[in-house]
Structures are given as C-alpha cells and as structure tokens.
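Participant: Chain by chain, the residues run as shown.
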Amino acid sequence: MPATSSSFRDGRGFDRMLVWITLTFLIVFSAFPLAYNILMSFQSVDLFTLASFDRPFVGLDNYKEVLTNSATDIIVKNTIVFVLLSVAAQLVIGFGLALFFQQRFPGATWLRGLFLAGWILPGLVVGAVWSWILAGDFGVLNWVLQTLGLTDDKIFWLSDPTNSLYSVIIANVWIGVPFNMILLSVGLSAIPDDVYEAAELDGAGRVWRFLTITLPLMRAQLGAVISLGIIFTLQQFDLFAALTQGGPSNGSNVMQYWSWELSFQDYRIGQGSAVSVLMIIVVIGVAAIYVRSTRHEHAA
Amino acid sequence: MTAQIEIENIDKHYGAYHALKNVDVRIPQGQFVALVGPSGCGKSTLLRTIAGLETITSGKIRIAGKDVSAAPPRARDLAMVFQSYALYPHKTVAGNMMYALRLKGMTRKQARARAEEIAQITGLDGLMDRYPRELSGGQRQRVAMGRAIVREPQAFLFDEPLSNLDAALRVHMRAEIRKLHDRIGATSVYVTHDQIEAMTMADHVVVMRAGVIEQQGAPLDLYDHPVNRFVAGFIGSPAMNFIPGQIAADGRHVVLDLPGAPRLTFDGRRPADEPVTVGLRPEHLVPGAGDNMLTLPVAVVERTGSSSYVLSDTTPPVMIAASDRLQGVERGDIQVTIKPSLVHLFSQTDDLALSAR
Numbered sequence: 001m002p003a004t005s006s007s008f009r010d011g012r013g014f015d016r017m018l019v020w021i022t023l024t025f026l027i028v029f030s031a032f033p034l035a036y037n038i039l040m041s042f043q044s045v046d047l048f049t050l051a052s053f054d055r056p057f058v059g060l061d062n063y064k065e066v067l068t069n070s071a072t073d074i075i076v077k078n079t080i081v082f083v084l085l086s087v088a089a090q091l092v093i094g095f096g097l098a099l100f101f102q103q104r105f106p107g108a109t110w111l112r113g114l115f116l117a118g119w120i121l122p123g124l125v126v127g128a129v130w131s132w133i134l135a136g137d138f139g140v141l142n143w144v145l146q147t148l149g150l151t152d153d154k155i156f157w158l159s160d161p162t163n164s165l166y167s168v169i170i171a172n173v174w175i176g177v178p179f180n181m182i183l184l185s186v187g188l189s190a191i192p193d194d195v196y197e198a199a200e201l202d203g204a205g206r207v208w209r210f211l212t213i214t215l216p217l218m219r220a221q222l223g224a225v226i227s228l229g230i231i232f233t234l235q236q237f238d239l240f241a242a243l244t245q246g247g248p249s250n251g252s253n254v255m256q257y258w259s260w261e262l263s264f265q266d267y268r269i270g271q272g273s274a275v276s277v278l279m280i281i282v283v284i285g286v287a288a289i290y291v292r293s294t295r296h297e298h299a300a
Numbered sequence: 301m302t303a304q305i306e307i308e309n310i311d312k313h314y315g316a317y318h319a320l321k322n323v324d325v326r327i328p329q330g331q332f333v334a335l336v337g338p339s340g341c342g343k344s345t346l347l348r349t350i351a352g353l354e355t356i357t358s359g360k361i362r363i364a365g366k367d368v369s370a371a372p373p374r375a376r377d378l379a380m381v382f383q384s385y386a387l388y389p390h391k392t393v394a395g396n397m398m399y400a401l402r403l404k405g406m407t408r409k410q411a412r413a414r415a416e417e418i419a420q421i422t423g424l425d426g427l428m429d430r431y432p433r434e435l436s437g438g439q440r441q442r443v444a445m446g447r448a449i450v451r452e453p454q455a456f457l458f459d460e461p462l463s464n465l466d467a468a469l470r471v472h473m474r475a476e477i478r479k480l481h482d483r484i485g486a487t488s489v490y491v492t493h494d495q496i497e498a499m500t501m502a503d504h505v506v507v508m509r510a511g512v513i514e515q516q517g518a519p520l521d522l523y524d525h526p527v528n529r530f531v532a533g534f535i536g537s538p539a540m541n542f543i544p545g546q547i548a549a550d551g552r553h554v555v556l557d558l559p560g561a562p563r564l565t566f567d568g569r570r571p572a573d574e575p576v577t578v579g580l581r582p583e584h585l586v587p588g589a590g591d592n593m594l595t596l597p598v599a600v601v602e603r604t605g606s607s608s609y610v611l612s613d614t615t616p617p618v619m620i621a622a623s624d625r626l627q628g629v630e631r632g633d634i635q636v637t638i639k640p641s642l643v644h645l646f647s648q649t650d651d652l653a654l655s656a657r
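In order, the protein sequences belong to chains C and S. No gaps in the numbering here: position 72 of the first sequence is 72 in the working numbering, and each next residue is one more. So the mapping is simple: the working numbering equals the position in the second sequence, first residue as 1, plus 300.
Same shape as in the complex, but just chain S:
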C-alpha cells in the first residue's frame, strides 16, 4: 500500500507555544486513521495543518506523493467535515454539495446530477431544496458528509464531526461513517476526543498529548500493549486501575500497596525491588477465588443489567467490571483473580511500560 498522506517530523509554534512537536505519521491509501487525545493535545491542529488551514513551522507534508507543505488548502484536494458542519447557510442542500463541483468547472446540470447521486448514498434525497436552517442536527451532519463525498477528494478530514449530536444518533452515525468509508475506500483522518469512537472506527489510532504522539498503532494493539501510563489510562473504558507497588526480590512478583499487601505474579522478569505503578484493567479482574488473587473490601456495587461494576473501599479505589450480575455481593470482601499476562507495570520515574527482559 502506498502512503496517501505523509506527515514528516512537523513542528508547529504559535509564538512561544509549541503546539506540535516532531509529529510523524504515515497514512496508507484507504486507511481510516483516528487522532485522539484530551482537549488541547494538538489533534485538531494536526488535522488543520494537513488541510492547510494552519502553516507548519518545520517538517514536510506530502499528499499522494506531492509536497504540499506550503500549498494553500484549495491546492491540496482534501475535503473536510467540520465540528459545526460549516454549511453555507445561504445555499440549499444541493447548492452546498454543488459548490465545489461548480468551482471545478462542471456545468450546473452535471453538478446537480452528481449531487443527486451522492444524496442517494447519504440519505439526503428529498431534502435537496431545503436550507441548512430547516434541517435537524443529524441531517446537517449528513449534508456535511455529502458535500465532502461529492468531490471525490484525495482524502477526507473529520474534525470531531459527531460531538454535536445526541448519544443515540452518535452511535448510529459512527457506524454509518465507517460503512461509507468501506464503500468509498478513500483515506480518512478522523479527530475525536472520544477513545470509543477512535477504537471502533479506525484502522490505525494515533494517541496524542501536549503536541506529542504518545503511541500509534492498531486499536487493539494500543489496548493490549500501551507503551506508557497515559495511553494505558486513556484507551479502554472504564479506565485502567493504577495501584502503586514494588517488585519483589525475585523479580517475578509485585507487592501492591493495598491493605494486606497482596502479591501478584506477572509474566517474565523485571528488576527486583523497583517501585512501580501496577495497571489492572477493570474487565480483567475476574470475580472468584484462584491463583493470582486479590481480596478487596466492597464500597459500591452498580448493576446495569448487562454488566456490573464494583468499586473497592481502598486507597486508591479499585474498579472491577464483571459481565454477570454478581448476586450476593453487597458488603464485605470480594475476591478477584487476574491472569499474569494481563498485569501491566509502569516505571514510577518516567511512567513508561516496564517490559520483560
């Protein structure tokens, strides 16, 4: 697969503020890439530099092999779906979709026919002569999508396109955008602060924090092998438990800083006596007795029907997510076990994952 968008070591400064630090991403043709991170992490800035709406201080951006680092947005042949949709308020749905086509020199008739075609795909037929103000939020979202698709651009850029929709519609549009992507097969870059959106939609997830790429890779790779404590805590819901601890003298066990100083086995060997942060995902703590067991006092039990959540009465509190109803667990202690391969260890000095040696 050829790289459609190549972002080579770019930096972006706003005066003294360093917004993007040595960002490097290769996006193959046809891939769906999510840029995810907390607000202010630079993900939107990165998207806007790809679009050409922001200039870069150093580095290179190539689209389809062509260096566009200094090219204006209109020379890049990219389509963008904005968070606010940014529809042309004085143009009808058809007018919005035809705008770019008319600029490319299509006749009114050709452009209208092409817009009608895309309206079929995006479910906008019947709305072509309405103005944006006459549409619901979900319909406006579709117009923004249709306006992007109709152009057949080199790539699609999405800037948090679902954040203005209500929860149910968001889940629906999530699947719909992914379906459209699979159907059209164009390269997509998708910015979101919602890791669930990133995990469910993308082939490749880029996690950012403070202008730096913390980790990038396939969604489940990030879940299984986070390189540091930030990525471990950001990916996965409910979030990973972090408990201070110390590696035992044998280098194969960790003693948790919890009442009763429980010992957990982990895979491989680590330096003995090292202070660490232990990462345990709530869904990896399985209720029941057995090897590699923790006994925790129960503070709260929440049951949603499909799954149950237990919060322990410890400092820090430990969250347990179980897929059964945990009948009988109310007060007292709960016993949970965890596979050694699912115990994550992070250095307390630099928060990096401590790999086996």
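Excised from the complex, chain C in its bound form:
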C-alpha cells in the first residue's frame, strides 16, 4: 500500500491524473456541446424532438433557411458594424488610457486599478445601469445633453432603430476599454526606458518615437487585444438582453442574439445552431490570428 501511494505521487500517475481531469472537463463542457451543436445544425430540431437523439437529418436546409431569411442582411450588417466599431473604439480609447497611465504621476497605478471595476461587473448589471443612462424619458445622458444645450429634444437611444445599435456599442465599448487598457499597459511597461532614450538621442520626436518604437514593439499585444476583442464582442449577449432585445424591428439585432432568439424563443433550434456554427467558423479564424500573434511574442 505505501509503495502504490508513493509511486502514485512520484511516478507518472499524478501527472496522468492532472491531464485527465483537464481533458474530462474540456470534453464534457466544451467538446461535447460543440459537437452536439454542429450535429443539431444539420437536423430538424423542435420542441417535440428536443429530448431524443433520433431526429431527421435535413442536410444544409437549416443553413439555407438562415441565409435566405429576410432579416439576415440587416443582422449580418449589424454584427459587422457592432464588432468593428466596438473593437476600434475599445482599442483607441484603451491605448490612449494605457499611454496616459504610463506617465508617472501620483496615483497613476491606483487610478488604473479603479478602471478595472467596470470590467469585473456582470454584463447584465452594466446593461441595467446603461439602460438608465440611455433611457429616453428620464435618462441621465439626455439630461446632460439638454442641460449643456447640445440637443433640444430628447433622443430615444434605445427605442429608435437608427440609434439602438449604437447605444449598445457605447455600453460595450465602456465594458471593453479596461481590458484593452490593462493588456496594453503591460505591453507598454515591458518596453525599456532606455530604448526611448536612445531614440530621443537619435533625433526622434514624440510622435516619431510612438510610430517607430512603441507601435512595432506592441505588435504582439495589439494582435492579442484585437483578436480577443473580436471574440469577446461576438460573445456579447448580456447587453442586448438588457438594453434592446435586438429591437426595434431587428435594428440592433446581431448574430449571437439572433441565434438565441431562434433557439429559445422561436424554438427553431436547428436554425439557431446553424447560426452559431457560422459564428464558430469566424471565431476559429480570429483565434488562429491570436495564437500566431502570441507565438511571435515568445520568439521576441
């Protein structure tokens, strides 16, 4: 008995156990749902067949239906706008703040830490807060704009189809900025001061130092932040649920919310799965870019 327990600790048994715990977790909670989702996207699944595995295969029918749906155009367009604007704004504001907090001033690290508070809040809470800020009748934003004299009338941020998507983008940017800032701050502080000093002596001004030293040395971090930003933005569900529910009339609907609507509101589960499979393909492409950019980081 002592022999087996010591061989368990010192031999390969312990290593194997650790690997199997991880693998089991991944298989049960990631691989199985993923495979099941892909399977369902080729089947006709409704409330009656949900409980059994024996469901009729329909080939690519679900995909055809999803791609020819009258709402598809606006939802795909919304998704692209949502991702591009969110990631771009998060990156620019996050990088700006990272550069700002890189300056040494009293309380810089302390203030930077405070910014993380926004990121650790649950999405639904952030959504609730923003729904008050953006509310048409009693919202703080309208009050501020009117008090400052920037607008005369109330703007219906959430219920006007031309504004609703941008309202969600504003809230999503607010959530994503701290993450961008922290990751980029880490990258910035990894650049040694004397490299900047050398560039300064070589005759480079502030802007030129940023373009020729900071940006190229931040390539790995920027790649990571952009690809993670795209993935997080494609996962952003809570804000839509809390703010607009994709409305009005799909004005702020995006693929991740649509997939949920198809599956759990309309019970067209096969089509909902098809939408999510289409999104998985995009995410895999982005993830590949992310892995490549972090590999570059190790080489440097």
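In short, the hints are calculated from the structure, not lab data. Each statement offered as a hint is correct.
Restraint ranges, calculated between C-beta atoms of paired labels, are given here:
1. P216(C) <-> T355(S): 27 to 33 angstroms
2. L215(C) <-> E308(S): 37 to 43 angstroms
3. G205(C) <-> H472(S): 35 to 41 angstroms
4. T500(S) <-> A88(C): 53 to 59 angstroms
5. P575(S) <-> L111(C): 55 to 61 angstroms
6. P216(C) <-> N322(S): 42 to 48 angstroms
Covered by chain S, according to a simulated footprint, are these stretches of chain C (three or more residues, beta-carbon under 8 angstroms):
7. 183-197
8. 212-224
Please read these numbers as outputs of a predicted model, since none were measured by experiment. Here a beta-carbon is modelled for each residue, glycine too, at the ideal position from N, C-alpha and C.
Let chain C serve as the given structure and place chain S on it in line with the hints.
Facilitator: Below, chain S without anything else, positioned relative to chain C:
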C-alpha cells in the same frame, strides 16, 4: 584646443536630494574623459544631464559653444552607448544603425551604405541582417558602438558600456574602444565605476563622490598626487594602505601606529606633532633592508606568478605588492623600504593631503 563640452557649475536636485553639487568640467575637443566613482556618486546623472535626459537645476551646459542647458536630447547632437545597449529589438543591426541617419533625411540607400562602412570598422559586417536577440553580448556591444559612430555626433557618451561583458571580453573591448577613439578623434565622456578602466582609457579622469568632484586631472597625476584620502584610496589597485600616525617633533618624520612604532622619513616639512593618516601604496613598499624601513610580521603570502602579495599581521593590516616571488617569505617578519617621496600624509581632521610647506 577648444572646449567641446563645457559644464559650468551645475546643480541637480531630485526633490530634497542633492545629486550634483556645483559640478564644473571642461572637456577639450577630441579628449577622452572618464567619470569615475562608487555607485551613487552622481557620475551617471552627470552623463545624463549632458545628454539632456535629465534637467539641471542650475548652471550651464555648452556643447561646441552653444548653450544647450534647456535643449532636448535630440537638439544636442550627441550619441550615447547605454549599459544595457538599448538596441531597437525590432530592428536589424543595419536598421539600428540607419535609424538616426534616416531621421536626418538620408535616403535608405545612402544610410545603408554609410552603415556598411561603419560595420567594417566595428567588425559587424556579415551581421547586418541579424536581430539583436540573435547576437552575443559582445556583438550587441559593437552594434551599440556602431550605432553611435555612424552618426558622426559632436561627442560620444558612454554609460558603463562594458559592465555586462565577461572579464576577458571587457579587457579586449577596453582597448578596442580606445583604438576607435584614437581613429575617429571625437570627444568622448565615459562613465565607469572601475578605476582601472578610467586609468587605462582616459586622457582626463574625473573622480566623483556624493555628487561632488573630488579631483580631476591626468590619470597618473591622480595616482601620484591625490588631493585627499578618498581619491588616494579609490585610484590604484591594490588599494593604498592607510595607517594612523603622528608627525614627530622635527616635522620631517612620521611615527606609525604599528608594533615597534616605526619612523618613516618623508619629503619636506609638516607641522610637528600633528596626528595624520599615512598613505603607503602596496607597490611602493619594496622588500629588503635599507633606509626608511618597516619591519612587519607576515600573516598571508599570495603568489600569482607575476606578482606576490603579502598581508601583515598588524592592525590595520598592511598590504605589500612585489613583482618577484618572495622566495622564503612564509612566516616571521618581512622588511620593506619606501622612498620618502612616496609617503602620503593626510590630515586626520579633514582627510585632505598635507602638502609640504
């Protein structure tokens, strides 16, 4: 010779901390100047104020006659070699060397040609397309040098450039930097904590301590005529022996506070009965009997082949450095003599050298 870099009574405060105190140095065109001192003495701060990386609180810095006290680093036309080399990690060797040239408005082709030319001098040809991470420490050091030389600046600034290299390479690069200096003839300011580097490379050595220049001059002047006990102990290796003593009533002898109270003659006259610190360089104590002799009990003998070191069993211990093997000296006493002109005397009150009067 015209002064290339003039540092006029500069002071530097970091809050309440007074980092540089009334520092005044004139560096003639083409001279190699070493700033040397223990860590925290302000030598790197002084170099960085010349570069413009630190501001000065008061005083003036002039480069080639132009007041640059408030000018940013890029307006000073100086090149610096950093301790960590500070190469651009994302640029090749050629890219590192071309960076400043491209900023000056040279075309890519001109800059590349100029970089290739300097690569020949610094032994970097064949490495032009490598990245810094693919180079050894010595090669990175050369890139840092090449990047400085390629610009043809008003002056070179070196911030302990050899301290990250191993001992053998350091000695080699020391000679190489000096050779390059002689070849290019540009003014150089070199910061080091290693007095051997300062003594062997520089035309002019500035010894600093706690933000103050203790003494500056030609290397052998500092060795022969240190103005105070600090400089005497800092310059020279192995370090000078310091023994308490008292000047005799005749003002021409000093009685050492060692067993047997030996008397040594020194040159000139000093105030009688003054308590002093006597400075004797280990290499000036010559084994053998004769005039002006000390008899010391031996504690340890170390032989390196080319030279031998004897440490005496006294308080304070006295170090003797001899160029022969001292056959037969193991235990018992050793007799050494010293020329009167080589006996240094320092006041016990302010550590200043007591000059003859």
